[in-house]
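There are 2 protein chains.
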Amino acid sequence: MTEQLEAAVIAAQDAVTKQGDTVRSLKASAKEGKVQKNDVDAAIVKLQELKLDLDAKQKELEKIAGGKSSQSREAFRAVLAGVLERRLFYIPSYKIYNGVAGFYDYGPPGCAIKANITQTWRQHFVLEENMLEVECPAVTPEIVLKASGHVDRFTDFMVKDVKTGECYRADHLLEGTLEKLLEDKKNPLTAEQTKEARDLLSTVGELKEDTLGAALTKYACKAPDTGNDISAPFAFNLMFKTSIGPRGDMVGYLRPETAQGIFVNFKDLLYYNGQRLPFAAAQIGNSYRNEISPRSGLLRVREFTQAEIEHFVNPDDKSHPKFSLVADLEPLLYSRDFQMGDEKKPHPIRLGDAVSKGIIANETLAYFIGRTWLFFKRIGINPQRMRFRQHLLHEMAHYANDCWDGEIETSYGWVECVGLADRSAYDLNAHAKMSKVDLKAHETYPEPRMEEELKIVVASKEVGQAFKKDAKTVTEHLQSMNECDAMELKAKLEAGSGDITTIDGQTFTVTPKMVDIKKELVRKTGRNFTPAVIEPSFGIGRIMYSMFEHAFYTRGEANDAGSDDARGVFRFTPLVAPVKATVFPLLQKAELNEVANKVSTSLTAAGLSNIVDTTGTTVGKRYARTDEIGVPFAITVDYQVQTDNTVTLRERDSMAQVRIPVPEIAGVVKSLVDGVSSWLEVQGKYPAQQAAANSEVA
Amino acid sequence: MTEQLEAAVIAAQDAVTKQGDTVRSLKASAKEGKVQKNDVDAAIVKLQELKLDLDAKQKELEKIAGGKSSQSREAFRAVLAGVLERRLFYIPSYKIYNGVAGFYDYGPPGCAIKANITQTWRQHFVLEENMLEVECPAVTPEIVLKASGHVDRFTDFMVKDVKTGECYRADHLLEGTLEKLLEDKKNPLTAEQTKEARDLLSTVGELKEDTLGAALTKYACKAPDTGNDISAPFAFNLMFKTSIGPRGDMVGYLRPETAQGIFVNFKDLLYYNGQRLPFAAAQIGNSYRNEISPRSGLLRVREFTQAEIEHFVNPDDKSHPKFSLVADLEPLLYSRDFQMGDEKKPHPIRLGDAVSKGIIANETLAYFIGRTWLFFKRIGINPQRMRFRQHLLHEMAHYANDCWDGEIETSYGWVECVGLADRSAYDLNAHAKMSKVDLKAHETYPEPRMEEELKIVVASKEVGQAFKKDAKTVTEHLQSMNECDAMELKAKLEAGSGDITTIDGQTFTVTPKMVDIKKELVRKTGRNFTPAVIEPSFGIGRIMYSMFEHAFYTRGEANDAGSDDARGVFRFTPLVAPVKATVFPLLQKAELNEVANKVSTSLTAAGLSNIVDTTGTTVGKRYARTDEIGVPFAITVDYQVQTDNTVTLRERDSMAQVRIPVPEIAGVVKSLVDGVSSWLEVQGKYPAQQAAANSEVA
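Protein sequence lines, in the order shown, are assigned to chains H and X.
So for the first sequence, full-length UniProt numbering puts the first residue at 1; every next one is plus one.
So for the second sequence, full-length UniProt numbering puts the first residue at 1; every next one is plus one.
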């Protein structure tokens, strides 16, 4: 019932948005004399009816759902999406060609906010931590992604509609089917069936090909669009493939993550850093994943901006010199224990305690969790709606030591926006092996140490006599044994069993006389080692979308009957707001415009982006328009400026207004935007605006 | 002779660079006790010998070449390239896998400079001009690039080595062959042959397939690496191709330019701008061209950053409201006339005069030439070494009205860094046709006008009787005639000749009774039209590389025998410098380090990127290191700080030093970086540093 009503609300909202568009375009045409006034009026009446209908449906939904949850997630999202698209925050790409799923364009406010978030990220991480920033190409030769494992393993399981050939993600399909079964009140599952379905649901993402196939068959999954049968699941590589150069013989891919560009440059970066560890490198850039069926707007797209950090450390010392700066923060941690416990809830935990109790594996990982938490707060994410979720053991790659996802709550549920992983030495080892280039760092011990070293001495005479022309092969084989193999051979030889060694299919019997294997204590002044890497990886688009949801709210009802302005507001922090201030002359008069332009010039000189709105509409409507793109401050120039040279300054969320002398206005806005002074302070210092002329309903 | 000597200088420089690397790495190993001191000394002696050799060769070259031109371009470039790569400004991508031609990574200083240039561009163009910034994906469906013409025509001619299959750009190959022939003193060409070769050389880039093939045959061009025969030239599309989605049936390309993303969004952007013209949209992003044989470092790469503007105007009014702000600038203009004249030299011309004399087609194009000139100056391009070259008529696309290239002089010659083109309505018309979406703007006349309008009235009775079931086809055909066809038909009918009209292969005879064609004067309040577009398109990597060349110089000789620091200096403007200041404690002492950290914190708080260099090397060497990445200001903390709380501030290019109180240092550097005060002013205000302790040779 709720579900149907929600769908009805969304449809009604949609109808209101569309009719709003119609009214707007009719009004524009009417101005040009192309449309009759009564056609416009009729459209406005229709719009009012649709709004009443929406209102009724929303109230009905509230009655059923009751309380806070009445703000249906889907309805909220539909209103938000309407504003985001209408004001060109972002729109589907290639719209005039009917679009391509998974691609979005950012329009002016989206672009500005994205630049602000990215710049804040650079300030917060790269500059404050002295990271080495790099920029590498997206087009990547196959060998790099072969080494990293992406060519072989960066896949999702896909099924096809056997009749239409349409493709679906196998895990999403199974998930959908299971959720429907579990929610089906008419044909309830038995307790046993319910448990089985729930267990399967919690591991859908990690199923192997055969188990996944069996489950799809067992639950009789069908193609959702047609109800047709589906194929067995098969692996589909998510990388966009291309060819580099004119010969056509060099396979390339668009990078699926920016990280590999840092790993392949490790040697040069280490040199740049004076051969010292730890250090971090960072990269902001676009990555590409050819998703099987993109959905959820900006949350799952095929081209997206990542900001990744690779922090290289000595694997034996993952302490962080600045950890004390975040040790007292208490982010919501959703540890493995909390996830497996009965309550299934995250709890605020002091990061210092999380490390000392072993909840988070090391200081460096915890340091980045703390810094991420601060970053989220800084750009306007609600701290009550972000958490750090630890990967369960079966979710982690075999080489990973510990992984946490920075998750933000949205209308889609908890969304993974940041991955923080201790990846050990996996990536550098993989590239060292494939490229045959040494990717090690050197550590000089504070003072020399005595360390055990493996010594393998081959008796060339004995080996030569025994194996003749193969002597060289056997000698090299023996000398290149790793510690484990060598000690095993030593044990066998000491047990007198001799050893049959196979090299390239040939068999050789080694005797104790041929080789001497021992461990010696050697004085060492240092060692070479492959650094471990702690990787915080940020999805900028997901963070941005989540921030949109946390910043958006609606205010009041439409304020005059024919109004087609939605009353949505974004409470963007001044830091990320696309425009810092708008300037309105109260009326379209030259003398007011002149002051407005003067104010605008002084704002620009102070480095504050601003727009002058000289349209003749009411100030209330112009405020609504500026609220809708989250401009924090609005300056109105009215006739009082001719008496006392003051203008009004309005704060977006409180809607309160004060009067400020023109020469001071840029300085006041600048101090508010930089966070040097608060709105309360400004209200204390300057007189409140009393008159109704500039009020919201004007 | 000069050529050989230049090659020798480059080789010698190379040897010095390599030996310098060896010395550096030996020194590092010696510190760890892995290498003997005398091995290091031997390497240093070798380095000194190589430097002497280089010196001798350079002097010899100077003697031959004489005067200023003695600074051989190639030798200059080799020294510059050594510094750029060693200090990680940029390096070939995927080095550990032996690289892939045409791809570069930016390291920390390169990244910082690129971010500064891009940010300056955004400030200079987007913010100061209130442009609408957008960000669109690089992955583009085929239909978009089919409409723009890239799928069919974005090609270069390629030839293959018939034996090895190696690929070459046909025009480059012909160019190289012609240049060699013209320079060959042993077998000089006749006057006639010389003229023919020169004429061909000047049009190589515009040759068609057959003429190009004939020329390659005539001049017996061979594969340069092997001397083998080459294939006939054939067109190779320069776009990277890929496939979108899992079905494999949607062809996509990586965009070869960012502009198309703006054109496909025109309708929404016009709406966003309140349906008003003119307005400009801008996009900064990466573009991709699968070059046949990339060369010339950053100048011809396969993935590069563009910053493009599409300024939409009424085709009947290309004036620019802010033109007066640039009218008095006098950039070097290399107009069509100057290029075709005898002198073949650009001249400084006032932009106002260039428009009034018709040298530049319109104000808007000239406005952007002026703004581009200012931008170049702002980021440190030498105004004497930049010019605007007008396209010759045969270089322009048929639809273009006027095109100018912003060119910068480098060691590679004049490099096209910006293209400024009046593209008329070509792009919007192309997308309107392909997408069938109306991409027109509306203009309301200041007052209604009487305009001629074509009226075609079909007499349905006559047509119906004559053509029966085909009546509808004929009627539609007649009604949809354009003005030209209609007037032609009218003339024929009036001449009494009747008309035989062919529709889809069928023939119909139209008589005067069937159709009435006339032009009527109609009262019009406005009109719909496709805007023209003026496109300034910037190649960020090319501009950046050219700026590197203009900023680089060398200073003095290596200052102590064993020094392995090159004495290169970048005179970056503070605006683009990767780091604004370095801070050195004179000695590795806790009390000096503490002050240095305090100074660094105050710089960071003022928003100034800075690094603290606490290595124990001499201050002279540390100055050299910081000069080499173009840091404009260096602050040294010596023991005088304990007496009077002052530190020294050194300006990079004059190397002059003043003493400044610690509490004032951040403010002084900030005012210098922001251009609020000059170094001369600072020198006037603070006492000069006298002591030798901090001098360059310490």
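To be clear, the hints were calculated from the coordinates, so they are not data collected in a lab.
Don't be surprised by glycine CBs; every beta carbon is placed ideally from N, CA and C.
Please note that a few of the clues may not be correct.
[To be verified] So the derived list for chain H, only partly shown, Cβ under 7 Å to chain X, looks like this:
#1 83
#2 85
#3 88
#4 100
#5 111
#6 129
#7 235
#8 236
#9 329
#10 332
#11 676
[As the list claims (entries may be wrong)] Label pairs and their in silico Cβ distance ranges:
#12 397/X to 374/H: 15 to 21 Å
#13 296/X to 437/H: 23 to 29 Å
#14 228/X to 295/H: 39 to 45 Å
Evaluation of the provided hints:
1. Taken as an interface hint, residue 83/H does not check out: its beta carbon lies about 14 Å from the nearest beta carbon of chain X, beyond 7 Å.
2. Interface hint at residue 85/H: violated, since its Cβ lies 9 Å from the closest Cβ of chain X, which is beyond the 7 Å cut-off.
3. Restraint check, residue 88/H versus chain X: the minimum CB separation of about 5 Å is within 7 Å; hint holds.
4. With a least beta-carbon distance of about 5 Å to chain X, the hint placing residue 100/H at the interface is held under the 7 Å criterion.
5. A distance limit of 7 Å between C-beta atoms decides the matter here; for residue 111/H the minimum to chain X is near 4 Å, and the interface restraint holds.
6. Interface restraint check for residue 129/H: the shortest CB-CB distance to chain X comes to about 11 Å, outside 7 Å, so the restraint is violated.
7. Of the supplied interface hints, the one on residue 235/H is violated, with its beta-carbon coming no nearer than about 11 Å to a beta-carbon of chain X, more than 7 Å.
8. Hint status for residue 236/H relative to chain X: holds, with the closest Cβ pair at about 5 Å, below 7 Å.
9. Restraint check, residue 329/H versus chain X: the minimum CB separation of about 21 Å is more than 7 Å; hint violated.
10. Restraint check, residue 332/H versus chain X: the minimum CB separation of about 30 Å is more than 7 Å; hint violated.
11. Here the hint on residue 676/H is broken, as its CB sits about 12 Å from the closest CB of chain X, past 7 Å.
12. A C-beta distance of roughly 52 Å is found between residue 397/X and residue 374/H, which places it outside the suggested range of 15 to 21 Å.
13. At about 27 Å, the CB distance of residue 296/X to residue 437/H agrees with the hint of 23 to 29 Å.
14. At roughly 54 Å, the beta carbons of residue 228/X and residue 295/H sit outside the given window of 39 to 45 Å.
Violated hints, listed in ascending order, are 1, 2, 6, 7, 9, 10, 11, 12, 14; each of the other numbered hints is respected by the structure.
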